[in-house]
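Novice: Listed below, chain by chain, are the residues.
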Amino acid sequence: MATTLTINGKTHQVDLPDDVPLLWVLRDEVGLTGTKFGCGVAACGACTVHINGEAVRSCQTPLSDVDGPVTTIEGVGTPESLATIQQAWIENQVAQCGYCQSGQIMQAASLLAENSAPTDADIDDAMQGNLCRCGTYPRIRAAIHDAATKLKEA
Amino acid sequence: MGIGKILRRTFLIGSAAIVGGVAFGAYYVTRPAANPLKPRDGEAALNPFVMIDQNGVTLFAPRAEMGQGVKTSWAALIAEELDVDLEQVNVLHGPAAAAYYNSAFLSDGLPGKGYDKSEFQHNLGEALGVIGKSLSLHGTGGSTSMKDGFIRMREAGASARETIKQAAAERLGVDRSQLKTEAGHVIAPDGTTIPYAELAEATATLDPVEAELRDPSEWRYLGRSQPRLDMVGKSTGTAEFAIDVRLPGMKFATVRRNPKLGGGMKSFDDSGAKSMPGVEKIVDIGDGIAVIGTNTWLVIQAAEAVEIKWEDAPYPPTTDAIFAKIAKAFDGSPNSTMRDDGDVEAAIEGATEITADYTAPYLAHSTMEPMTAAAQLGSNGLQVWTGTQMPLFAQMRAASVAGLESEQVEINTTYLGGGFGRRLELDFVEVAVKVAMAVPGTPVLTTWSREEDMRHDYFRPGAMARLRGAVKGGKAVLIDGHVAAQSPVQQAVERITGMAGGGPDKVLVEGFFNQPYAIPNYRMSGYVADVKLPVGFWRSVGNSYNGFFHETFMDELAHAAGRDPLAFRLEHARDEWDVAARCLEKVRDMSGWTGKTPDGVGRGVAMTYSFGTPVAQVIEVVDENGTIRINKAWIACDMGLAIDPHVVKAQMFGGMMYGLSAACFGEITFDGGEVEQWNFPDYDALRMHTAPQVEVEVLETNRFMGGAGEPGTPPSMPALGNALFDLTGNRARTLPLSHTFDLLI
Numbered sequence: 001m002a003t004t005l006t007i008n009g010k011t012h013q014v015d016l017p018d019d020v021p022l023l024w025v026l027r028d029e030v031g032l033t034g035t036k037f038g039c040g041v042a043a044c045g046a047c048t049v050h051i052n053g054e055a056v057r058s059c060q061t062p063l064s065d066v067d068g069p070v071t072t073i074e075g076v077g078t079p080e081s082l083a084t085i086q087q088a089w090i091e092n093q094v095a096q097c098g099y100c101q102s103g104q105i106m107q108a109a110s111l112l113a114e115n116s117a118p119t120d121a122d123i124d125d126a127m128q129g130n131l132c133r134c135g136t137y138p139r140i141r142a143a144i145h146d147a148a149t150k151l152k153e154a
Numbered sequence: 001m002g003i004g005k006i007l008r009r010t011f012l013i014g015s016a017a018i019v020g021g022v023a024f025g026a027y028y029v030t031r032p033a034a035n036p037l038k039p040r041d042g043e044a045a046l047n048p049f050v051m052i053d054q055n056g057v058t059l060f061a062p063r064a065e066m067g068q069g070v071k072t073s074w075a076a077l078i079a080e081e082l083d084v085d086l087e088q089v090n091v092l093h094g095p096a097a098a099a100y101y102n103s104a105f106l107s108d109g110l111p112g113k114g115y116d117k118s119e120f121q122h123n124l125g126e127a128l129g130v131i132g133k134s135l136s137l138h139g140t141g142g143s144t145s146m147k148d149g150f151i152r153m154r155e156a157g158a159s160a161r162e163t164i165k166q167a168a169a170e171r172l173g174v175d176r177s178q179l180k181t182e183a184g185h186v187i188a189p190d191g192t193t194i195p196y197a198e199l200a201e202a203t204a205t206l207d208p209v210e211a212e213l214r215d216p217s218e219w220r221y222l223g224r225s226q227p228r229l230d231m232v233g234k235s236t237g238t239a240e241f242a243i244d245v246r247l248p249g250m251k252f253a254t255v256r257r258n259p260k261l262g263g264g265m266k267s268f269d270d271s272g273a274k275s276m277p278g279v280e281k282i283v284d285i286g287d288g289i290a291v292i293g294t295n296t297w298l299v300i301q302a303a304e305a306v307e308i309k310w311e312d313a314p315y316p317p318t319t320d321a322i323f324a325k326i327a328k329a330f331d332g333s334p335n336s337t338m339r340d341d342g343d344v345e346a347a348i349e350g351a352t353e354i355t356a357d358y359t360a361p362y363l364a365h366s367t368m369e370p371m372t373a374a375a376q377l378g379s380n381g382l383q384v385w386t387g388t389q390m391p392l393f394a395q396m397r398a399a400s401v402a403g404l405e406s407e408q409v410e411i412n413t414t415y416l417g418g419g420f421g422r423r424l425e426l427d428f429v430e431v432a433v434k435v436a437m438a439v440p441g442t443p444v445l446t447t448w449s450r451e452e453d454m455r456h457d458y459f460r461p462g463a464m465a466r467l468r469g470a471v472k473g474g475k476a477v478l479i480d481g482h483v484a485a486q487s488p489v490q491q492a493v494e495r496i497t498g499m500a501g502g503g504p505d506k507v508l509v510e511g512f513f514n515q516p517y518a519i520p521n522y523r524m525s526g527y528v529a530d531v532k533l534p535v536g537f538w539r540s541v542g543n544s545y546n547g548f549f550h551e552t553f554m555d556e557l558a559h560a561a562g563r564d565p566l567a568f569r570l571e572h573a574r575d576e577w578d579v580a581a582r583c584l585e586k587v588r589d590m591s592g593w594t595g596k597t598p599d600g601v602g603r604g605v606a607m608t609y610s611f612g613t614p615v616a617q618v619i620e621v622v623d624e625n626g627t628i629r630i631n632k633a634w635i636a637c638d639m640g641l642a643i644d645p646h647v648v649k650a651q652m653f654g655g656m657m658y659g660l661s662a663a664c665f666g667e668i669t670f671d672g673g674e675v676e677q678w679n680f681p682d683y684d685a686l687r688m689h690t691a692p693q694v695e696v697e698v699l700e701t702n703r704f705m706g707g708a709g710e711p712g713t714p715p716s717m718p719a720l721g722n723a724l725f726d727l728t729g730n731r732a733r734t735l736p737l738s739h740t741f742d743l744l745i
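First to last, the sequence lines map onto chains A and B.
In terms of my numbering, the first sequence has 113 at position 113, counting the first letter as 1, and numbering is strictly consecutive.
In terms of my numbering, the second sequence has 448 at position 448, counting the first letter as 1, and numbering is strictly consecutive.
Hints listed in this document are in silico derivations from the structure and should not be mistaken for laboratory results.
Here the structure is a predicted model, which means the values were calculated and not measured.
Misleading hints may appear alongside valid ones.
[Said to hold, decoys possible] Taking CB as the label site, the calculated pair distances span:
| no. | chain 1 | residue 1 | chain 2 | residue 2 | range |
| --- | --- | --- | --- | --- | --- |
| 1 | B | 307 | A | 65 | 47 to 57 angstroms |
| 2 | A | 115 | B | 676 | 32 to 42 angstroms |
| 3 | A | 10 | B | 499 | 54 to 64 angstroms |
| 4 | B | 284 | A | 81 | 43 to 53 angstroms |
Positions of the beta carbon are idealized from the N, C-alpha and C atoms, including for glycine.
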């Protein structure tokens, strides 16, 4: 049965069983590989995307539960047209292996949408579901604070 | 893209050298390895690391970028002499090639403690490194990249620059010495500039010109932090990992192998799984099955639905039985006694003796990107796309699995979603090749589930230590260590060559026998445990458990001597190696160490010398209503020249975090021969809210360049354990610490 999805502002028809998680629709069907597979059990946050503007773990969101427009890391900004949060990530030289960073950025973007000046405790609360094995946390924290400042100035 | 074509057309040449590598000999060792880059008309491959054409300059950084910034640092070494701006050049990994051998792999394996080596021993190591070319040691690991590339890559850049200048000199009718270079241009005496790209064709006809290296005072890149070349890609989801490779007509696969590791498959029934949605083919791969289909998630569901009867594992079925077998190794004779100073058997009058037994668990690497590789078997050969730390070994393994010659296999190395030593192994390449062979002509991406990844690792071996020490007059006078563990080195030799590895294993005892403390009676004996469980190279390898044993025991000795643990270490380090002593002094000053802490606060210190670099860490823990949180950390390290200080600091913190995560929560246990941990909820790591605040200082007084990627890991575990002892008075001699303490999760 074909399902219609709006992803990063574009409409996509996908023909997959409705229990297939959004993650695997994005990666293997639509070809948007920026959203990563880490655990498949919502324990690492690498697959974080936005549905209706809210951060969700796409590995635990079956196609049938996608009830609004989806935004992935590719919809946030591109190398040619970076979003403010991505600029903050680059200026703080956050990434190491980089595999978790799409999910980190999506989670942080959702935090900043709700809270324009998060404290360290707010960041701890919002980001603790996003695992990084390289240990980039201090720079993620700094980049979120920087992005908050930049967004306020904009 | 011209370069892609060049690489495809020329992998034959790069690989021919590997075939020659089997015929090992002095002539072959000293002969330059073939340049794997074969330029077309109008392109000049000045050496295996620099290519110019009409469109510009391409640098080759054939080291695995797994987060340590090597792509940028390696390119900076070349660019420093070549006079190009990093943002104006293209940097590629390049093919698997003998020319890309790692010259530092072997020199680090030489006997000796390391920190006390002479110029002669250092030079011997450098000279021996060339053998790496004949052993197919194109690889990344062992914290070697900057040691390896520091001179060679600057020479590659300098030679390329002078050759380009020679072409310009001939065109302009002037002497080469009258020309200058800047930002990818040759500057003529009258000030006119010629872009390197314009000189590509003329340069291609010249023999390479040798050149002197610049004085460090002239450096623009080295010793300074550079914006990482992979940062924009990794901040926009556009950096390509193996799991992101997409090719026309690509299928998706997953694998399910015997969870009793090393056991075979008796039989399987795929009658139910075959008809599940998205499934196209189910393949017998020997010790398990692979499912090929249209979607990774659908094939994972089907793989779980296949009914499989497994053979038993070749090792004892439970953790307790495995450790009992490790303990048995103490009954035999030691595999090595790499340090035996003084007389550890003689009684020391007036000394206080202590003994203690320690254990460290098996650990998984747990990279964020699970094991993944894509492969396509064509009529002319095999293509593989993967994140590997060992491209030439991967090429040979892929060839042998597919029944091809190595030169028929092309390895395309992507970014690695974490390495930590896991991607030195070849199992994920082998599986992907078997899958591709089942559907010739079709590209297939084989992705392991997290569960399959965690339960089929080459684990950090579990280890046991029996330690004896003595103090007298406030000083350590004896340390006698006995450590038993499986040998990843012996296993790896067997996996790669098919012959059992033997001989004294330095890696088994590193981080204990070679610690820079002046203790008059100092012995370390290593015992190889005969357990047939797959083990491998986990960030810092033997140092990862020996660091915990040695530095926790040093704390015990300090307390037995009634001394402050930092002052105690410092005294013993000062008498042995001033570089290590300075790291201890630095963390003392950074942390404002007084040896006293308020109620509810504990501090611990540890120092480990590994991969040429001493690292001292102080860790502070706080008790918050009965739950303990790691609050702060201070790190001081000294690897001599730090090529990129930002990268070094990130590696030091990251190395510490990797160790702290394991120290807090990490253990792989066995029941029924199967790993009991399945996914991150069973094998967690530190997260944003549990990570300490940190300060890192990079000293640069070490005479010889040390590594950065691993040395941050070993001291983290004992520093945390020592802090918990300071807080609670409870000495944990077993990891993980969550078994003993109520740690914040």
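Novice: Decide, hint by hint, whether the structure agrees.
Specialist: Outcome of the hint check:
no.: 1; hint: B:307 - A:65: 47 to 57 angstroms; verdict: violated (30 angstroms)
no.: 2; hint: A:115 - B:676: 32 to 42 angstroms; verdict: holds (39 angstroms)
no.: 3; hint: A:10 - B:499: 54 to 64 angstroms; verdict: holds (56 angstroms)
no.: 4; hint: B:284 - A:81: 43 to 53 angstroms; verdict: holds (48 angstroms)
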